[in-house]
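J.: For reference, the chains in residue letters:
Protein chains: 2
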Amino acid sequence: MPELRKDPVIGRWVIISTERAKRPAATERPKPPPRPGPCPFCEGNEAMTPPEIAAYRPEGSQRDGPGWTLRVVPNKFPALMIEGSLERRGEGVYDLINGIGAHEVIIETPAHETNVGALKEKQFEELLWAYRDRILDLREDKRFRYVLIFKNQGAEAGATMEHTHSQLIALPIVPRTVSDELVGAQEYYKYKERCIYCDIVRQEVEDRLRIVSENESFVVICPFAPRFPFETWILPKKHSSYFEHASKIEYIDLARALRETVVRLNRTLSDPPFNYLVHSMPFQEMENGHYHWHMEVMPKLTQVAGFEWGTGFYINPMPPEMAAQLLREVVL
Amino acid sequence: MPELRKDPVIGRWVIISTERAKRPAATERPKPPPRPGPCPFCEGNEAMTPPEIAAYRPEGSQRDGPGWTLRVVPNKFPALMIEGSLERRGEGVYDLINGIGAHEVIIETPAHETNVGALKEKQFEELLWAYRDRILDLREDKRFRYVLIFKNQGAEAGATMEHTHSQLIALPIVPRTVSDELVGAQEYYKYKERCIYCDIVRQEVEDRLRIVSENESFVVICPFAPRFPFETWILPKKHSSYFEHASKIEYIDLARALRETVVRLNRTLSDPPFNYLVHSMPFQEMENGHYHWHMEVMPKLTQVAGFEWGTGFYINPMPPEMAAQLLREVVL
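Chains as they are written, first to last, in my numbering: chain A, 1 to 332; chain P, 1 to 332.
Watch out, some of these pointers could steer you wrong.
[To be verified] Mimicking DSS-like on lysine-lysine, the simulated pairs with C-alpha atoms at most 25 Å apart in a straight line are:
hint, chain 1, residue 1, chain 2, residue 2
1, A, K142, A, K190
2, A, K6, P, K142
3, P, K122, A, K6
4, P, K248, A, K237
5, P, K190, P, K142
6, P, K237, A, K192
7, A, K6, P, K192
8, A, K192, A, K122
9, A, K237, A, K248
10, P, K238, P, K248
11, P, K6, P, K142
12, P, K238, P, K122
13, A, K6, A, K190
14, A, K6, A, K122
15, P, K6, A, K190
16, P, K120, P, K237
17, P, K6, P, K122
18, A, K248, A, K190
[As the list claims (entries may be wrong)] If you want the footprint, here are the derived chain A segments under chain P, 3+ residues with CB under 8 Å:
hint, segment
19, 3-14
20, 42-53
21, 56-70
22, 192-199
23, 220-227
24, 240-248
[Stated by the list, open to error] Facing chain P, a subset of chain A residues (Cβ under 10 Å, in silico):
hint, residue
25, P74
26, F77
27, H163
28, H279
29, F283
30, F307
These aren't lab readings, by the way, just hints derived from the structure by calculation.
Yeah, the Cβ is synthetic: ideal placement off N, Cα and C, and Gly gets one too.
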């Protein structure tokens, strides 16, 4: 059983997950996975994954059979286990919880595409609906406080399967990064009675210095203080705390914005490894005036080294104004 | 001029440093540096570095000439600039400071060693004295609040020069990671009137589950909630807030503990890439009962991916109890 362990000084949680050690090359140096033989994520190989949790497939087609356009399955090497009840305990100065959670894989296409940028806008739209469906389902489970939706594109960004896929992890505690954002947004709101993200959107749309693209519902920017070269955020123009509360029109506009952003990064940086993720309000809280959901896209071009680990600072050689200009200039 | 920029939501600082972009391969994908031609860090090539800031060399030997055993030079591609006064300003919702700081390289040996594990105990001792000397010098500069000492071993851990070296960066603000530790340690102290790190040392020495090694002055452990496989901490047994206040005996013992730790990691993991760093109290504060300086050593074996960036959580497939056992069993 995996464990959630808390650092006693700074309160950072860690998942100690020996299941994950069974993956091929789990603790070896990163290198492109060789992975010979058939791909478990391809249509026709459904029996190679655990039974599906959900799928978009025509009526009448068989569960765990071919015919689907998108498929959600449990991660075969889950970081957390879905069965059991939460148990918190101490060991002297230390605190831990047994590793309850969900770890799912969202297979984005039945075809063996290795880059999400190859997907059509319609497929991105379907992918966003799948994210929403899984969140709505998992938030019914009262053990969970948060679901992180994320994607690792490329081996250097942590992907161990090359067939394009997203992942989600449902967690019994609110992750630190999200609660840091919440606290910061709340403080700003207390002071100004405005949402900090709304103020960012307003300033960026006016300045245009760091704008990558814009449509009816979303603005894509390189943020003012990016950790990484070409880090890019996608923000809804209309204030809302929850990703899963977006409208149909908004998902259509987000599919376009997200796909375009991936294509812009791919063209500018020759298909770089990258991660993206969704940040939304933790469960069991209400829509509010201060927290504003958004997506973050982070190409992996520089190494995180001793300085970053030691300080929590990042050194970024690429000003976001220059990155935004390069991304803006891509002809789609 | 580089800039320190603050994320307006969570307050994370970032150094936007276009100087660094001039390094060969600054924003290309990580790969082992080819670096043909003579090594600027080797004895005899002193003219290839900026003039030395300090060196350990026999009396009578020439500054920036051969004969030294350890040499400190400015980083040729500094993340921050040493000249100028601190200027804080705002740009709408954003805050920034001009990028004042020091960025130095500590060349650990005149010989072209590519792994710090090849250095003798005496050389480690000298290295620790060099760290101390540089901190004592830089803390006189009232613009600085903190000096981070760190090492990147191997290209995958961020080293761009293979000749073994450490670095330091002096900063005008206290880094987030250090202030998180300070706040956590202060809270524990308020509640218990004891140092959390002292309690950790006590519990680990008693349990012995996560002990790697021990000498008169230091204990080496795999921490209870490690972010990375084989993450290892070196803690002084005697409480002290500042690295630079250690005694001669303590530096001798630390040199032994640090060298042994590197050798244990090298033997267990076949010369892995790793980072190490020193965490000590920020300047302008006093020795106190709650903060306890220490070193952290982090092999780079797993990829930091979307989940980690999105949550601030880490997934670690290697329980520290197992890592400690493997490291303990190394025959030195």
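J.: Indicate, hint by hint, whether the structure satisfies it.
T.: Going through the hints against the structure:
no.	hint	in the structure
1	A:K142 - A:K190	violated (30 Å)
2	A:K6 - P:K142	violated (36 Å)
3	P:K122 - A:K6	violated (37 Å)
4	P:K248 - A:K237	violated (60 Å)
5	P:K190 - P:K142	violated (30 Å)
6	P:K237 - A:K192	violated (47 Å)
7	A:K6 - P:K192	holds (18 Å)
8	A:K192 - A:K122	violated (40 Å)
9	A:K237 - A:K248	holds (15 Å)
10	P:K238 - P:K248	holds (14 Å)
11	P:K6 - P:K142	holds (21 Å)
12	P:K238 - P:K122	holds (23 Å)
13	A:K6 - A:K190	violated (30 Å)
14	A:K6 - A:K122	violated (41 Å)
15	P:K6 - A:K190	holds (19 Å)
16	P:K120 - P:K237	holds (24 Å)
17	P:K6 - P:K122	violated (41 Å)
18	A:K248 - A:K190	violated (32 Å)
19	3-14	holds (count 10)
20	42-53	violated (count 0)
21	56-70	violated (count 0)
22	192-199	holds (count 3)
23	220-227	holds (count 5)
24	240-248	violated (count 0)
25	P74	violated (16 Å)
26	F77	holds (9 Å)
27	H163	violated (16 Å)
28	H279	holds (7 Å)
29	F283	violated (15 Å)
30	F307	holds (6 Å)
Going down the numbered hints, you'll see the structure goes against 1, 2, 3, 4, 5, 6, 8, 13, 14, 17, 18, 20, 21, 24, 25, 27, 29, while the others check out.
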